[in-house]
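Q: Make a model of the complete structure from these sequences and hints.
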Amino acid sequence: MSETGLLAQITCPHCWHRFEPAETLWASAHPRLYGDARLGPDVQRRFLPTRFDAGGNAIDSQGSFCSEVCCPKCHLVIPRTMFELRCIFYSILGSPGSGKSHMLATTTWQMRQAMGQRFKLSISDADPDSNRQLNQSEERLFFNEHPDQLAWIPKTEKEGELYQPVQFGDETIWYPRPFAFVVQPLSDHPQIEKRDEISRAICLYDNAGEHFLPGGESSISPATQHLTISRGLLFLFDPTQHARFREACKANSDDPQITGTGRSHRQDQILHEAANRIRTHSGLAQQQKYGKPLVIVITKMDSWAPTLWPEWSQLEDPIRDSKQGLAGLNTELIEDVSRQMRVILAKHAPEFVNAAEGFADKVTYIPGSALGRPPEEDPDTGMLGVRPQEVKPIWAEVPLLYLLNQTSTGLIPSVRRSQS
Amino acid sequence: MSFEIVYTSVRRGLRTGSRGFCTVAATEGIPRALQEKMESFSGYSHHEATGGDLPVNHSHFVVRIQRKVYHILSRVADAGKDYSGRTNKIAHHLALTTAETERFPGGPASLFADEAFWVTEWERDPQEFPPDRLPQAALEPSESFDTWEYVFRDKGWAGVPAGIVDGNMKPVSIIVPSPTHNLDLLSEAMLLVPLEHRWEICFATYFLRQAPGTVCHWKFVLERTEEARRMRARSLGGVVDHAKQNAAPPETRFVEAARQCDPESAWDQTAAERQTATERDAPVREFSDSGGRGHQRRSRSRFAQPRHPAARRRPRRGRQIEDDDDFEDEPAVAVPVRDSAGFARKAGVWAVIGLVGVAIAVLAFAGFRQLR
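Protein chains in written order, with our numbering: chain A, 8 to 427; chain B, 25 to 396.
These aren't lab readings, by the way, just hints derived from the structure by calculation.
A couple of the hints might just be wrong.
The list that follows gives simulated cross-link-like pairs (lysine to aspartate or glutamate, EDC-like), each with its CA atoms no further than 20 Å apart [said to hold, decoys possible]: (1) B/K105 to A/E383; (2) B/K92 to B/E139; (3) B/K105 to A/D385; (4) B/K105 to A/D387.
Computed footprint of chain B on chain A, listed as stretches where at least three residues anywhere in the stretch have a Cβ under 8 Å from a Cβ of chain B [as the list claims (entries may be wrong)]: (5) 174-186; (6) 298-308; (7) 345-359; (8) 384-393.
Pulled from the structure, derived: some chain B residues nowhere near chain A, Cβ distances all over 12 Å [claimed, not checked]: (9) V175; (10) G191; (11) P195; (12) G261; (13) E280; (14) S289.
No residue lacks a Cβ here, since even glycine has one placed at the ideal position from N, Cα and C.
A: Listed below in structure tokens is the structure:
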């Protein structure tokens, strides 16, 4: 951190280019200055400023005061907080239909609830415009005006609103839109004096599952390159897409995802593909293991756990309140559950455990359910939906809290399980 | 050679291992770069504000890929649910070279009338299409401009988007209350555009976002969308807004032609003006046969395959041109840039350098004489 309060190096959340603050471009503000070489005629022109006002904001060539800062490579707007707070990138990956969008919407919603009351942290959108899609998903599930009617989150596309086009010469490159949050201590946090050290910007991506399939990334859509700079990976393993899991649960379930056919997917191949991309882009040798945490989220717990893991009904809350009033994460409990999950996975999907542990040094298996109940089929459209009033997430926020605990000092503290 | 792809969410795509959103059908031998470009035009938003009537996006864009210019016609629409019980869409894209567009003098909108050609659902196995599958261009709709009158209360509004061919091709945003009539609005407005300009017009009947490197001249935007709010707040070109019922379109001959239901009267004036400009301006003599084409239009030989004006221009010198006709279409996709300003700046700099040089020479000469 420099004397100006800015980081010495900034990573663009759109194109992952690293640059110094002095290289930052600004978006002009004057209505006459429209048209940018990278972003097209409808966007305010980007420029390297030479004049600033007393508040440090750039002044464009027409004398207007500017406020938006942009990446010198892709010209897309970067939230200002990312110039001041250290940023942590996490990647969420999984096969198509594994529940990434649902899990992400539920995780952020649950964290918004828990962070303030229990961890004494505030969580806010770094850029509400960029997070719009995610906020809409949260609203569909938790803020719906018709909570008794079936609602669904649209299937994530490989193109469209979640991607931003940037022109490089004749080529248009489509970058995934990041979801950025700012987490910082509230005034009653015991370590409020260390606010600058503790505060973080968190950046997440909601890729379409198709991007992780072999050959799913193209030269014009480098949608998964964030894998390389991520501080940790969340891989969503969907047991309802695994033939042996489905077979084992069939007799005891009426979930259409279990009883239906043709949903099987080789999820170990997706993990292998992600591993290959990380090795290629980061220069990791084949014999080297990935040193950052890999969290395998075993999704849709409500579907498979009643049959394969009866203990799930007594699953404790891993967030524990301490006497000091600040909650912590019971990492012992999470690691204990992880060992149990590994046994179940090794029995039904040994190829997947092999793929995960062959790639990463530290693998943690965490079960979760974004909705807490199986989806229903809409009699009119045949689509799978859920009634918002019945959504009760189970451990949905735990994987991300655990990653934060493992990768950021002081933000989410650990607590030990009491002897009783 | 034309190329097409069909893109939707399926259990098994055309390429080995692909599933979910992927290409399920493509023309044999389609260039990879063209396929990727067409796939990137498949974005669709399942918008809720339409009141159950999900929009269909009919679009036409001009792109340059590996030194070739393609006109990409697309139909992107909702496709119910996919194999995993989630929302689905289906996109059918057709890429034509400039030479092929000359087979459709009615313009790009006329190709969407062949409903049997455009794929609206996909329940089959992946397949390769044979080359040169093309839609049949349908006869143009009646020249009544009734749809414009129904949506905007004044037929004359149809003349506003068409009028851009007379000016600098500035885009026009058309804010509509529902997506139901967009294709009719498009077809009717296209009637006002002279035949030789029709393939220059890029449009989207369900406009979502401008991709850099492309130009969209006619943007049909749905009421109650983010894009409509943005257009009302600020638009680079004109805005035709259904909410402004009391406003009247500016009086132009296109507006008048629409009100009179006589689109060709606007063409005739365009041709006449071009003829005057041709006589006045020698460098544009290459277009001096426009009067002849005007005569063709008056005789309603709309499908007599008039040649695209771009095809008459000379190829550029000193460049390797793979496909002369196609390469010459480049100006159609160029984003307006301030080239003239840059040229003026450069000329100014050279003039200053020249003056300084002359001054130095004079001083040197004077000094030399004094020394002698």
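Q: Now tell me if each hint is right for this structure.
A: Status of the hints after comparison with the structure:
1. Taking the CA atoms of B/K105 and A/E383, the gap is near 14 Å; set against the 20 Å cutoff, the hint holds.
2. Straight-line distance between C-alpha atoms of B/K92 and B/E139 comes to about 28 Å, which puts the hinted pair past the 20 Å bound.
3. Distance check on the hinted pair: B/K105 and A/D385 sit about 11 Å apart at the alpha-carbon level, within 20 Å; holds.
4. Between B/K105 and A/D387, the direct Cα distance comes to roughly 11 Å. Compliance with the 20 Å bound is thereby established for this hinted pair.
5. With 4 residues carrying a beta carbon less than 8 Å from a beta carbon of chain B, the stretch 174-186 of chain A meets the three-residue requirement, and the given coverage holds.
6. Counting residues of the stretch 298-308 of chain A whose C-beta sits closer than 8 Å to any C-beta of chain B gives 0, which falls short of three, so the coverage hint is violated.
7. Figure legend: the stretch 345-359 of chain A, annotated as covered by chain B; annotation inconsistent (0 residues with Cβ-Cβ distances under 8 Å, at least 3 required).
8. For the stretch 384-393 of chain A, the assignment as covered by chain B holds, since 5 residues bring a beta-carbon within under 8 Å of that chain's beta-carbons and 3 suffice.
9. Separation of B/V175 from chain A is adequate, the least Cβ-Cβ distance of about 25 Å exceeding the 12 Å criterion.
10. At the 12 Å boundary, the C-beta of B/G191 stays outside the reach of chain A, the nearest C-beta of that chain being 16 Å off.
11. Here B/P195 does not stay apart from chain A, with its beta-carbon only about 8 Å from theirs, under the 12 Å limit.
12. Its beta-carbon lying about 10 Å from the closest one in chain A, B/G261 breaks the requirement of being farther than 12 Å from that chain.
13. With a least beta-carbon separation of about 30 Å from chain A, B/E280 lies farther than 12 Å from that chain, consistent with its non-interface assignment.
14. Under the 12 Å C-beta cut-off, the non-interface status given to B/S289 relative to chain A holds; the minimum distance is some 32 Å.
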